[in-house]
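Participant: So the protein sequences, as listed, match chains A, B, C, D, E and F. Per this note's numbering, residue 14 is the first one in the first sequence, and the count goes up by one each step. Per this note's numbering, residue 14 is the first one in the second sequence, and the count goes up by one each step. Per this note's numbering, residue 14 is the first one in the third sequence, and the count goes up by one each step. Per this note's numbering, residue 14 is the first one in the fourth sequence, and the count goes up by one each step. Per this note's numbering, residue 14 is the first one in the fifth sequence, and the count goes up by one each step. Per this note's numbering, residue 14 is the first one in the sixth sequence, and the count goes up by one each step.
Errors might be hidden in some of the hints.
One copy or two, either will do: identical chains are not told apart, so a pair holds if it fits within one copy or between any two.
Stated by the list, open to error - For lysine-lysine, the following DSBU-like pairs were computed, each having C-alpha atoms within a straight-line distance of at most 35 Å:
#: 1; residue 1: Lys34; residue 2: Lys85
#: 2; residue 1: Lys34; residue 2: Lys185
#: 3; residue 1: Lys19; residue 2: Lys181
#: 4; residue 1: Lys19; residue 2: Lys62
#: 5; residue 1: Lys16; residue 2: Lys34
#: 6; residue 1: Lys85; residue 2: Lys16
#: 7; residue 1: Lys162; residue 2: Lys16
#: 8; residue 1: Lys185; residue 2: Lys149
In short, the hints are calculated from the structure, not lab data.
6 protein chains.
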Amino acid sequence: MDKKLKDFQPNETLDIPVLIKSADVRTAQDSSSYIALVFTDSSGEITGKLWHASQQAIRDFTTGTVIQLTGKRETYQDRPQIRIRHMQVLPSADQDPHAYTPVAPTSREALTEFVEQTIAGIQEPTWQAIVRWIFKAHWDAFFTYPAAKTNHHAYEGGLAYHTVSMVKLAQKIAPLYDAVDPDLLISGALLHDMGKTRELTGPIATQYRAEGNLIGHVVMIDEEIVRACDALAIDSHSEAVILLRHMVLSHHGRLEFGAPVLPQLLEAELLHQIDQMDASLTMITNALADTKPGDYSERVFGLDNRRFYQRRPLD
Amino acid sequence: MDKKLKDFQPNETLDIPVLIKSADVRTAQDSSSYIALVFTDSSGEITGKLWHASQQAIRDFTTGTVIQLTGKRETYQDRPQIRIRHMQVLPSADQDPHAYTPVAPTSREALTEFVEQTIAGIQEPTWQAIVRWIFKAHWDAFFTYPAAKTNHHAYEGGLAYHTVSMVKLAQKIAPLYDAVDPDLLISGALLHDMGKTRELTGPIATQYRAEGNLIGHVVMIDEEIVRACDALAIDSHSEAVILLRHMVLSHHGRLEFGAPVLPQLLEAELLHQIDQMDASLTMITNALADTKPGDYSERVFGLDNRRFYQRRPLD
Amino acid sequence: MDKKLKDFQPNETLDIPVLIKSADVRTAQDSSSYIALVFTDSSGEITGKLWHASQQAIRDFTTGTVIQLTGKRETYQDRPQIRIRHMQVLPSADQDPHAYTPVAPTSREALTEFVEQTIAGIQEPTWQAIVRWIFKAHWDAFFTYPAAKTNHHAYEGGLAYHTVSMVKLAQKIAPLYDAVDPDLLISGALLHDMGKTRELTGPIATQYRAEGNLIGHVVMIDEEIVRACDALAIDSHSEAVILLRHMVLSHHGRLEFGAPVLPQLLEAELLHQIDQMDASLTMITNALADTKPGDYSERVFGLDNRRFYQRRPLD
Amino acid sequence: MDKKLKDFQPNETLDIPVLIKSADVRTAQDSSSYIALVFTDSSGEITGKLWHASQQAIRDFTTGTVIQLTGKRETYQDRPQIRIRHMQVLPSADQDPHAYTPVAPTSREALTEFVEQTIAGIQEPTWQAIVRWIFKAHWDAFFTYPAAKTNHHAYEGGLAYHTVSMVKLAQKIAPLYDAVDPDLLISGALLHDMGKTRELTGPIATQYRAEGNLIGHVVMIDEEIVRACDALAIDSHSEAVILLRHMVLSHHGRLEFGAPVLPQLLEAELLHQIDQMDASLTMITNALADTKPGDYSERVFGLDNRRFYQRRPLD
Amino acid sequence: MDKKLKDFQPNETLDIPVLIKSADVRTAQDSSSYIALVFTDSSGEITGKLWHASQQAIRDFTTGTVIQLTGKRETYQDRPQIRIRHMQVLPSADQDPHAYTPVAPTSREALTEFVEQTIAGIQEPTWQAIVRWIFKAHWDAFFTYPAAKTNHHAYEGGLAYHTVSMVKLAQKIAPLYDAVDPDLLISGALLHDMGKTRELTGPIATQYRAEGNLIGHVVMIDEEIVRACDALAIDSHSEAVILLRHMVLSHHGRLEFGAPVLPQLLEAELLHQIDQMDASLTMITNALADTKPGDYSERVFGLDNRRFYQRRPLD
Amino acid sequence: MDKKLKDFQPNETLDIPVLIKSADVRTAQDSSSYIALVFTDSSGEITGKLWHASQQAIRDFTTGTVIQLTGKRETYQDRPQIRIRHMQVLPSADQDPHAYTPVAPTSREALTEFVEQTIAGIQEPTWQAIVRWIFKAHWDAFFTYPAAKTNHHAYEGGLAYHTVSMVKLAQKIAPLYDAVDPDLLISGALLHDMGKTRELTGPIATQYRAEGNLIGHVVMIDEEIVRACDALAIDSHSEAVILLRHMVLSHHGRLEFGAPVLPQLLEAELLHQIDQMDASLTMITNALADTKPGDYSERVFGLDNRRFYQRRPLD
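When you get a sec, could you build the whole thing from the sequences and use the hints?
Facilitator: Put into structure tokens, the structure is as follows:
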């Protein structure tokens, strides 16, 4: 297999196709222009700077362009960066950004099949109907959007991957506690972050939309449930709908995390904890991926800026 | 004018009609039953206990009943209470609970006229249409519900009175700052607490409904706006609607107060401050109403348990 | 099956054997003595008061005594209490306190077998040796102590039941995340609360020992690991031991919860979350056990004083 | 009208007189000296750097000097900066720093007249006498000092402008609430920040004085009231004086904001809220002044680092 | 020596003179009147209730009266109380309240001499002059007032005792650190709480005065320093005075404890820590005074509600 | 005496031997390599950068090397730095790092004698035996390790110096309070930070060891006491040992500072306060050492980022 961007060692030269994930034109201290670039392929991303950028270069090397990159991997202030030797825009036949972005570690086919089976397995007819209606309306976005702009599952397909991971946790944990209604827990897990498909701008190089900031994905998914009820002629004030709406409205778990109401159902508290569990384990695993045995990871912003220890082999 | 419940001095005897606001049957230390009562009329409320209550008394003296109360106002643990001598259920012709509850200090007619004129004065057509549609759907509840279960404006008609007070503040403050859009501010003020008509159970002896706890009035009014758009064929993702939804969603001002999003518009921050201003001034005024010059009020729960000072006459 | 203490309805008379869980002699307002009692059997506990208690009664009805209780279940200030008609100390043949205390919902045999198999299943030899040594030293206490004085699993055998529940969660969750070392997670889960056997006074009517307050169970289990190393000639500064000690030292998850260090291993963070998950689900389930459909539970102290909703049947 | 500093677009060349607001000599990475400059005129301020600064340049281009600036407006790290081509000290006849600083949006004459009328309108004689005495002693400073070093109203005359804005709010709000004493509220508003004239160093390029940090403007204005009483033979322990002192001592509203006592008067709580309202609206308006429709402002430090949304035109 | 109030054991009868520290007339559940009394003598205080109090009793047994008390010490809800058999007002010749209040454990003569020598020992002339002037103005109050209404040193003379304890700490600690100016530290310690003589109502049965709540003792002592400067023709803006004012203004150490400014001098931080040290040690010692070896004290409100352990004898 | 590193004024040239405290090789913006250096000698430390570093330079100028440094002291971004002209590794005869590091202001001999006498003065035999055993095991480390990596006493011998300062405070304060057991307080002070000898890597250029992060020095010293008991055949559950363990376990004073238990003994609370007192006074004194009269120090991280004022001479 061809070597990818993050496979190269410090001081190793590279000559590979990559996607420009972002390109900011800035002014250097000597008042010339340079471009601050983020390169990416399926292995991850590294920054680089194109010094003394010509007007032509500024026009060519824009966000979303696939280029052939020649240079060397170096280290600047403890982080990797590419010392650029040459950049060449690839012919349009090779301009497939999706081929150069990290993707969920499970195939879309596998995720799709899992989601279809999970929805079909919901016994409570109201919840199944609502979940099915919302998934139908957001099907493609659900499988392509990231779960967040940064922090965790911030890649194409991350929303589906995170959701499926949570459903799997739910399926394992629910049977251990008689009082837990698996239907309610799994329906909540499937829907909880679906508002992200309207809060964010898209699958790649995603940003928060103004509407996303002003309304928030928590309320947006609640709105979807209300619309689903209207479309399906379900009473939106029935016990079943109120319970489901409470699941998504309270899933951030604390008011200071943006939940308009605190979890007041056994399943709502559990959904919040499952969400945190999958997010935490993912963030720690990512942080440790770049850490050598015996060292500490970078600080993890989403976990109180803690650093995590990469253990050494046991004797 | 006849003397009301709170007009009597300590140790003064009374013989007046009052409403039983609540009646809890409890067991005394000697294992007999007694009823813990809250009496109310338009002047306010005082508690009392009916010792050694018979089964007949327990059946007669229930919440919502108007009775003739004979007794004496006394003081128990620094609070007023009625030492009951006799209680007599009044004939059904006199059973009008509304006549015995505190009401808003402005007449419903005056409030109605003010609200109608305010709605008619909204220049922006989308906001006027939405406000008008929602008020029409909740007209009677708006003018009869309290603004809260306790704390402030917790009386019949309190929701309308609090809303109108906020609109008046908005009308005075907006002209002082060029950047403020009075239409947006006033539309937000009119709608901000309308979800209370579904969060609470009714105008008198109000409680939180289960649905009220699980969804919350902040999300409920947002849902109303969305439904208004659907009914009026307004695009719920248009700039105008997003701005209005943001006003009501952020009006609690802080995440820890249950706002799903923080105020991100000049008018949204101002709406939150106007809400707090009217609530604070009302709570302090109420607390000082029972405080003698030179003394301190009871602690005000909604204001960090602070006590307020009743000033003495200046020389 | 005979009716138990909590099976009786309000105002129903009872005549059953119960254990006196605590008995405080106090002075009434009329200066006579009374005994404030907590009665318990395997169904739970209810309070009662013996008024005008004689010196004989004070000598007879002490903590830990099994009596025949005749009386009526009543309600005082929204909580159940027994109106005592008669109390009679049972003959010494019937003085078996264990027969009248709530016990873990799984048999000791089942728990024992599960623990033995789990220990045998630890692959890493150092961890298995340490876990085995500590369990051997605390075998009986582990299966009889409660997991806490109040809050959750506060009954005889609660420590084993809580520990086994956590191990089961660990066994289900670990396979979903490649990066998790199940051996470390399960070893930590088995040991994490073992210090309670020295922090608390015993299986029944447990209290914190002075030593328990001054040292704390977190440090006490760490001390046990160090002693196990000394006994087994294992280097207590080896990587394997440091990892295991970190698991127990950090399992409270936050400094303000009494963890001397924050979790810095993937498995340590997960252990903390599993501990919280089992505790939360147990506390909520207990709170809802006494709550009617459509009502809210009592406030749950260990979960930010939240109340939880008992759902109604869906149509 | 001549173009001002902030009127130029990115990449536009400029040749205008400006004031050097601050000038720090620093060492570049190549060990040469450069001057980090802040230029200002009545339109606002922009930074710039003079590279390879000679000893002569370091002597010439100091804080408070008016120069002719030739250069180009560029963008560096998302903020505007001037690429300097030439700087020339203007002849002493043109050295009028006041001509190049932002000033309050209302003329000093208008502010003066408003303040005089407001003081004359205070009915309570003790308060009027104290306010008049203090204003007389600080007359010129009151109309020239800023209200703060940064955050809001941080320009020459800002103190008077902020104070007048608060008085106007007070005049509008007080009549809406019967319980509010407008005299006390307005007297408090007039005095509340007067201690700034001793806490800060002066109207231009203001800093905190050591005395300002060690005593604080809250205590300093209280000291002024005490001295006014001594000068006017008013009993500083009379009810009227205690009330006025409490207004200024509590106006920061919370202990953690540096109030030595919490507001305990209706008017004191309201004064605090009016202060926050004017400060918030000013900060948000300033932040939005540089923001394009549909974009978010820079983070506003004084408002929890929130960003505010610049709305787009409605259809 | 005669037995004092707190020398009697539970269930022991007593017949001794005591002072009525407070007397509240209340209504019993059977609607008769009773008096809730606090008795005190130099050994401490105990509560009691006079049931079925006649109008004569209500007139006789008022706060500040010395009576002959006959009764029995009992225990009610874990606290001691007196079961009253008889109360008799003592003749006016015996009405000396000071004889029945706890006093500082050091004689006023010793405290006076220590304070005089300490003031004389201040080398810096400005500080000595100011301290001397303020002590002269408050001499008697300083030696009779308590240091607080509750918590610690809440007895006649407590202010002087607490102040002297802090000066002794200062005298011991200052020589260990070269950078500490003992003159500044000791001058600050002498003055720091002097504002209490105006914040509180008097030496016995002290309360907060309205002025005390509205201004606070921290600002009150600052005001005294300013007045001392005016009287002594010292420039109140000189470095020496600013330093001394900062010492008293910052001595609460944190904004949330009511300090208008944080400590910004080495000596100011140290003064705050010495204040806390003396207060903490006193509160803990008091709490342990009633605690048996091996037991835990009551919770100490001023120390995060912690309980403290009374150690057992070592072998 | 020869001039040391921090004796040189800005722009003064220097030619002195110094120790390289740290040396990080980085890539400049022009992609050449440079070394970011920290130089130190007994007077303190200053940074410098070696631009365009050759491979030979990178090999030569490593952490722990003593060099002859020629250059000039300059100022970069308000901090001193050395503009390097030449660097020369000194011959191995001059390679004595200890000669170039700051040391405790008291000689090791004096500290040693003080510690020996203090240990000998402990009257309680169990505590003396344990303290003696632990000091014997860590004797050399105790006198050479720093007390911390940064903040305060972060130099060779700092642990002993900080410990001795605390013992001196304890010896002065204990006699002022009868209730304090000086033996327990002094034993706790001697041991409290001894775990640092295992938490940190060594006396010079110290770092936290992985074991130090995962276990923490608070638990490490507790472990030492347990081992001492085992070695000395002392019952580790005796009252005397529990008290001593509690002293070290609670000395951080608050859970959020990493104490697994809160102080529950009078002496434990006092030990915590003495620790804070010595740390605070040392941090403030250090911060003021570089501050000119009338100026404010840098912000002190360990004291809420406060700045401290360097007072001017009094007239």
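Participant: For each hint, tell me whether it holds in the structure or not.
Facilitator: For each hint, the structure was consulted:
no.	hint	in the structure
1	Lys34 / Lys85	both (19 Å within a copy, 30 Å between copies)
2	Lys34 / Lys185	neither (38 Å within a copy, 38 Å between copies)
3	Lys19 / Lys181	within (30 Å within a copy, 38 Å between copies)
4	Lys19 / Lys62	both (17 Å within a copy, 30 Å between copies)
5	Lys16 / Lys34	within (19 Å within a copy, 39 Å between copies)
6	Lys85 / Lys16	within (14 Å within a copy, 45 Å between copies)
7	Lys162 / Lys16	within (27 Å within a copy, 41 Å between copies)
8	Lys185 / Lys149	both (26 Å within a copy, 31 Å between copies)
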